[in-house]
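All you need for the numbering used here is the position in the sequence shown, starting with 1, plus 530.
Derived from the structure by calculation, the hints contain no laboratory data. The structure displayed is predicted, hence computed values, not measured ones. Keep in mind that the hints are not guaranteed to be accurate.
Straight line, CA to CA, 20 Å or less: simulated SDA-like cross-link-like pairs of lysine to any residue [to be verified]: (1) Lys594 <-> Ser626; (2) Lys570 <-> Ile597; (3) Lys575 <-> Asn545; (4) Lys553 <-> Lys563; (5) Lys661 <-> Ser596; (6) Lys575 <-> Tyr559; (7) Lys661 <-> Ser606; (8) Lys594 <-> Phe672; (9) Lys553 <-> Ala584; (10) Lys553 <-> Arg630; (11) Lys570 <-> Pro532; (12) Lys594 <-> Phe551; (13) Lys553 <-> Glu669; (14) Lys553 <-> Asp580.
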Amino acid sequence: EPSLYTVKAIVILDNDGERLFAKYYDDTYPTVKEQHSFEKNIFSKTHRSDSEIALLEGLTVVYKSSIDLYCYVIGSAHQNELMLTAVLNCLFDSLSQMLRYRGHLAGTWGGTEGTGGADRTLLKPRKNVEKRALLDNMEGLFLAVDEIVDGGVILESDPQQVVHRVAVRGEDVPLTEQTVSQV
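Generate the whole structure from the sequences, applying the supplied hints.
Put into structure tokens, the structure is as follows:
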């Protein structure tokens, strides 16, 4: 039966299969122990594979790796793989854009304030998402995931929109000064 609840979980693991981020949207794996066991299982089945999709434990798992990270989007066995892949690509592309420059997240360029952005060219762009950069900017990851999926329902699949919304939410504008669209 059709449902808006498309995504069961989003998980990001490191090179050793250790959890960096996990958000489960239903109680398929209700305890942390069961979640860790599932994560170890998907990592062991996928970390040496070149494919982008797997069927494990009755679930559809789409995944992508980059340098020292593995990103997974998990849905039910009957879920459309293209929808899950759209979520995965949106998350991955959003993170790539947000972490494109060292120290860059939500409009901060890591340079001296008040220079008019003249020092932006001095920062080296990142081509891929890396563990260190992700750990340094976990708040951006949490915001991006919340913009893409809410309670298992896909809200957004355009990385440009996600990056823009994360930047707006990350500006720490007092609630009394925000517009209705920012709240």
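Now for the hints, and whether the structure bears them out:
no.: 1; hint: Lys594 <-> Ser626; result: holds (13 Å)
no.: 2; hint: Lys570 <-> Ile597; result: holds (19 Å)
no.: 3; hint: Lys575 <-> Asn545; result: holds (13 Å)
no.: 4; hint: Lys553 <-> Lys563; result: holds (14 Å)
no.: 5; hint: Lys661 <-> Ser596; result: holds (9 Å)
no.: 6; hint: Lys575 <-> Tyr559; result: holds (18 Å)
no.: 7; hint: Lys661 <-> Ser606; result: violated (28 Å)
no.: 8; hint: Lys594 <-> Phe672; result: holds (18 Å)
no.: 9; hint: Lys553 <-> Ala584; result: holds (19 Å)
no.: 10; hint: Lys553 <-> Arg630; result: violated (24 Å)
no.: 11; hint: Lys570 <-> Pro532; result: violated (30 Å)
no.: 12; hint: Lys594 <-> Phe551; result: holds (15 Å)
no.: 13; hint: Lys553 <-> Glu669; result: holds (14 Å)
no.: 14; hint: Lys553 <-> Asp580; result: violated (24 Å)
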